[in-house]
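Number of protein chains: 2
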Amino acid sequence: MKTPTAPSGAPSPRRRRSAEIARKEILDAVQKRLSEGGPEAIRLQEIARDVGIAHPTIIHHFGSRDGLIRALDARAVEALTRDVVAVLKRGETPTAEVELIERVAETMEEQGLARLIAWWALREPGADPTQGIDPPSLVENVSKLIAARVADEPGLVAREHETVSFAVRLAVVATFGDALLGDLLSPAPQPEREAERRRFRAWTARLLREGLTAPEDPSAS
Amino acid sequence: MKTPTAPSGAPSPRRRRSAEIARKEILDAVQKRLSEGGPEAIRLQEIARDVGIAHPTIIHHFGSRDGLIRALDARAVEALTRDVVAVLKRGETPTAEVELIERVAETMEEQGLARLIAWWALREPGADPTQGIDPPSLVENVSKLIAARVADEPGLVAREHETVSFAVRLAVVATFGDALLGDLLSPAPQPEREAERRRFRAWTARLLREGLTAPEDPSAS
DNA sequence: AAAGTTATATACATTAGTGTCAGTAAGGCC
DNA sequence: GGCCTTACTGACACTAATGTATATAACTTT
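Note that the protein sequences, when read in sequence, are chains A and B. Each residue of the first sequence is one higher than the one before, counting from 1 in the numbering used here. Each residue of the second sequence is one higher than the one before, counting from 1 in the numbering used here.
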């Protein structure tokens with residue numbers, strides 16, 4: 001068999017990263033593409049071009065496209081968990097809810113996590129949690145953490161257990177939804193969007209706090 | 001040139017639908033696949049198999065895969081708009097918010113619209129609104145309708161204009177988010193999910209109403 | 001400095017999915 | 001009944017994306 005490699009032009013200079021850094025750069029590029037384009041924008045060749053490598057290199061590092069996606073999942077799970085847990089541990093101020101919503105929202109938006117989570121939700125339920133990662137459980141766990149934290153809050157009334165659960169659910173769901181749809185719903189012009197979004201979050205947090213402190217009134221006339 | 005068609009087995013019997021019905025059946029199949037699997041589950045050949053036709057037939061009716069997706073967008077926009085507008089027109093009961101949230105939520109879930117909207121949000125912003133459809137505008141328009149409706153409500157205080165806007169935003173965003181993530185966040189076992197979800201919506205609606213009727217208190221100590 | 005390791009490259013194989021083409025048959029209309 | 005329109009089909013062309021094989025060059029180790 002003949003030797004297949006027959007370099008024609010200049011043998012483009014190589015940059016050699018450590019495996020760890022290479023993986024990081026690749027995952028960053030994937031996440032960026034996922035944030036900007038849709039899930040269908042994850043093409044090995046395009047990712048490779050973004051990073052400045054050839055696409056087989058990605059396969060070398062992650063085994064397959066699927067492996068790449070699983071690695072992305074794992075990293076996102078770690079990031080979000082670490083973030084929220086950090087807030088929960090040191091959160092002792094009376095405005096903890098505000099801060100928590102703010103922090104989670106930031107993480108979701110800046111890192112494009114909301115889109116990733118939405119992507120999880122869209123993928124069929126039968127997706128294989130191959131390495132015990134199981135992304136959806138992250139959302140579940142985080143919400144449990146928040147619930148536990150909120151339940152311990154001294155000033156709260158919230159006699160019904162379910163009320164706390166609902167509040168957490170609303171917080172998570174609203175934060176998530178706003179990260180995805182906020183820009184569509186906002187009547188404000190572009191430059192003010194960010195400030196408006198912050199006000200919206202504060203308003204939501206206050207509403208939640210009132211809902212938790214005020215006594216229940218099931219038959220609102 | 002030789003004649004290309006050389007039928008081998010039995011020339012499978014054809015069922016001939018009207019163009020309208022064919023389009024409907026195809027779109028139904030697409031929507032079902034989109035509800036069950038993710039966005040990547042839209043394969044012409046699979047859709048065709050679901051309907052029981054050959055995949056070129058889909059292209060015949062919609063021009064291209066892209067045309068198919070645009071048609072799906074258009075139909076969903078119509079459905080949701082019609083639904084919400086209907087509620088808004090006859091909504092005169094004091095529990096209109098509850099009903100509205102309930103109705104929109106139902107539409108989103110049953111029809112798999114939440115997933116479709118999520119898909120819109122994930123697609124890159126530069127998606128061509130080729131036939132003047134522009135899906136995101138639906139969300140915007142509906143929220144404006146709701147805002148107008150809510151603003152006219154007699155019992156409301158809501159001095160600040162932005163408060164109404166925020167309430168609508170929260171309603172839409174929460175409904176949307178819950179349709180996607182609700183199952184993950186719910187601590188209840190499977191059979192009670194639906195009832196719990198209804199309670200959650202009612203709770204949310206009541207919270208919103210309180211937020212709109214109660215006077216603002218920007219410096220909550 | 002030589003040898004080993006592995007990150008990376010080029011070229012190719014494979015598959016899958018969209019769209020085209022030319023022909024077939026089902027129903028409406030005269 | 002014959003004609004015309006068009007919904008529908010099978011076979012194929014084309015493209016794009018993943019994955020494989022093999023070679024090379026950049027670090028590490030001894």
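Just so you know, these hints were derived from the structure itself, not from any lab. Hints should not be assumed to be uniformly reliable.
Pairs count within a copy or across copies, as identical chains cannot be separated in the list.
[As the list claims (entries may be wrong)] Below are the EDC-like pairs computed for lysine to aspartate or glutamate, each with C-alpha atoms no more than 20 Å apart in a straight line:
| id | residue 1 | residue 2 |
| --- | --- | --- |
| 1 | 24 | 102 |
| 2 | 144 | 28 |
| 3 | 144 | 40 |
| 4 | 144 | 50 |
| 5 | 144 | 25 |
| 6 | 144 | 183 |
| 7 | 144 | 102 |
| 8 | 144 | 196 |
| 9 | 24 | 83 |
| 10 | 24 | 110 |
| 11 | 32 | 162 |
| 12 | 32 | 109 |
| 13 | 144 | 192 |
| 14 | 144 | 78 |
| 15 | 32 | 66 |
| 16 | 32 | 50 |
| 17 | 144 | 110 |
| 18 | 24 | 162 |
| 19 | 24 | 210 |
| 20 | 24 | 50 |
| 21 | 24 | 78 |
| 22 | 24 | 140 |
Verification of the supplied hints:
no.	hint	result
1	24 x 102	neither (26 Å within a copy, 44 Å between copies)
2	144 x 28	neither (29 Å within a copy, 37 Å between copies)
3	144 x 40	neither (32 Å within a copy, 31 Å between copies)
4	144 x 50	neither (38 Å within a copy, 40 Å between copies)
5	144 x 25	neither (32 Å within a copy, 42 Å between copies)
6	144 x 183	between (28 Å within a copy, 14 Å between copies)
7	144 x 102	within (18 Å within a copy, 26 Å between copies)
8	144 x 196	between (29 Å within a copy, 17 Å between copies)
9	24 x 83	within (19 Å within a copy, 46 Å between copies)
10	24 x 110	within (17 Å within a copy, 40 Å between copies)
11	32 x 162	neither (38 Å within a copy, 33 Å between copies)
12	32 x 109	within (12 Å within a copy, 30 Å between copies)
13	144 x 192	between (34 Å within a copy, 19 Å between copies)
14	144 x 78	within (16 Å within a copy, 38 Å between copies)
15	32 x 66	within (17 Å within a copy, 25 Å between copies)
16	32 x 50	within (10 Å within a copy, 35 Å between copies)
17	144 x 110	neither (23 Å within a copy, 27 Å between copies)
18	24 x 162	neither (41 Å within a copy, 42 Å between copies)
19	24 x 210	neither (43 Å within a copy, 47 Å between copies)
20	24 x 50	within (13 Å within a copy, 41 Å between copies)
21	24 x 78	within (14 Å within a copy, 44 Å between copies)
22	24 x 140	neither (26 Å within a copy, 38 Å between copies)
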